[in-house]
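Undergrad: Sequence:
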Amino acid sequence: MACCRTEDHGDAGYATAAALAVSLAIAILAAALVMRGVAILKLARADYRRSQAEYALSGAHVLAVARLLDSSGSGRLAWSVGGLDPQGVALLAEPEAPKLALAAAGGLDDKTLAALGAVDPGEARLRLAGMEAASATPDGIVAADRGGAWRACAASAISPWGRSQVVRLGATREPDQEPGGARTGQIWRVRASTQDGWTDERIVRLIGRAQSPSAMIWRRFGRSAGKGVTCDKTIEAQADGAGAPGGTPVTP
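Be aware that the sequence shown starts at 81, since it is given in the numbering used here, and climbs by one per residue.
The reader is advised that the hints may include incorrect statements.
[Unchecked claim] Quick list of the computed label-pair ranges, beta carbon to beta carbon:
| hint | residue 1 | residue 2 | range |
| --- | --- | --- | --- |
| 1 | Ile108 | Ile297 | 17 to 23 Å |
| 2 | Gly117 | Arg303 | 20 to 26 Å |
| 3 | Pro166 | Gln291 | 29 to 35 Å |
| 4 | Ala107 | Ile297 | 54 to 60 Å |
| 5 | Glu258 | Asp219 | 19 to 25 Å |
| 6 | Leu109 | Ala295 | 54 to 60 Å |
| 7 | Gln275 | Val142 | 17 to 23 Å |
| 8 | Gln132 | Asp219 | 56 to 62 Å |
| 9 | Leu104 | Val199 | 51 to 57 Å |
| 10 | Arg289 | Ala119 | 43 to 49 Å |
| 11 | Met115 | Ala183 | 51 to 57 Å |
| 12 | Trp298 | Met115 | 17 to 23 Å |
| 13 | Arg253 | Ser138 | 22 to 28 Å |
| 14 | Ala295 | Gln132 | 35 to 41 Å |
Rather than coming from a laboratory, the hints here were simulated on the basis of the structure.
Using N, Cα and C, we set each Cβ at its ideal position, and we do this for glycine too.
Could you build the full structure based on these sequences and the hints that come with them?
TA: Okay, structure coming up:
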């Protein structure tokens with residue numbers, strides 16, 4: 081006697097192929113959304129760090145100009161300031177007038193160019209000779225050679241605002257606390273750097289007014305692998321190679 085009939089359910093208790101495909105698609109979509117969220121979070125953190133560094137370095141430039149106007153003495157200055165960035169800010173300040181004039185840079189010999197870090201002195205000399213001081217900038221001088229030491233130190237030796245006919249490079253020191261420095265009207269290169277590589281480099285003319293202590297001529301902001309290199313080692317090597325405290329004369 082057949083009181084009830086059982087039906088054959090071959091797929092009972094198992095996911096069908098269609099269900100597996102849908103589940104896999106959902107899993108892939110969820111993973112993609114998670115990855116996108118992580119990428120957005122990283123970008124947001126990077127943007128926040130960039131803004132944080134830019135504000136800190138701008139504040140460091142204000143302090144640097146004030147320090148320059150309130151001190152005396154000459155030469156290349158290097159010091160650090162705290163309280164603006166979690167890891168501090170390194171400052172480098174150099175007067176532009178004592179640097180080698182760009183018009184004279186095309187006459188540097190191979191030995192001097194190599195001492196400044198050039199890996200191809202001949203090509204660097206040609207590029208420097210082809211620059212016009214009226215339109216040149218520090219990044220143009222830096223781009224004259226691909227050497228790492230050159231890119232870090234060339235702007236410390238050669239300048240479109242330079243007036244010297246010889247390469248004179250001196251070691252850095254901290255600015256003094258003696259007031260009365262007659263620096264109004266001078267042009268300086270000031271570089272502020274964080275420990276993680278953010279750098280704000282500016283060429284400024286010192287004005288000395290209460291509301292506008294300086295006027296910015298040129299600026300470059302970005303991030304690099306360097307941590308505020310002051311080129312002291314390169315300077316020592318150059319000085320040793322020159323063999324004379326008066327500097328390296330330009331080859332006529």
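Undergrad: Now look at each hint and say whether the structure bears it out.
TA: Status of each hint after checking the structure:
1. Ile108 x Ile297: 17 to 23 Å: violated (54 Å)
2. Gly117 x Arg303: 20 to 26 Å: holds (25 Å)
3. Pro166 x Gln291: 29 to 35 Å: Cβ of proline 166 to Cβ of glutamine 291: about 31 Å, so the range 29 to 35 Å holds.
4. Ala107 x Ile297: 54 to 60 Å: holds (57 Å)
5. Glu258 x Asp219: 19 to 25 Å: Roughly 34 Å apart at Cβ, these two residues miss the hinted range, so it is violated.
6. Leu109 x Ala295: 54 to 60 Å: Given range 54 to 60 Å: holds, Cβ gap about 55 Å.
7. Gln275 x Val142: 17 to 23 Å: Hint holds: Cβ distance 20 Å, inside 17 to 23 Å.
8. Gln132 x Asp219: 56 to 62 Å: violated (24 Å)
9. Leu104 x Val199: 51 to 57 Å: Holds, at about 54 Å.
10. Arg289 x Ala119: 43 to 49 Å: holds (47 Å)
11. Met115 x Ala183: 51 to 57 Å: holds (55 Å)
12. Trp298 x Met115: 17 to 23 Å: Since the Cβ atoms of tryptophan 298 and methionine 115 sit about 41 Å apart, the hinted range of 17 to 23 Å is violated.
13. Arg253 x Ser138: 22 to 28 Å: holds (25 Å)
14. Ala295 x Gln132: 35 to 41 Å: This hint is violated: roughly 26 Å between Cβ atoms.
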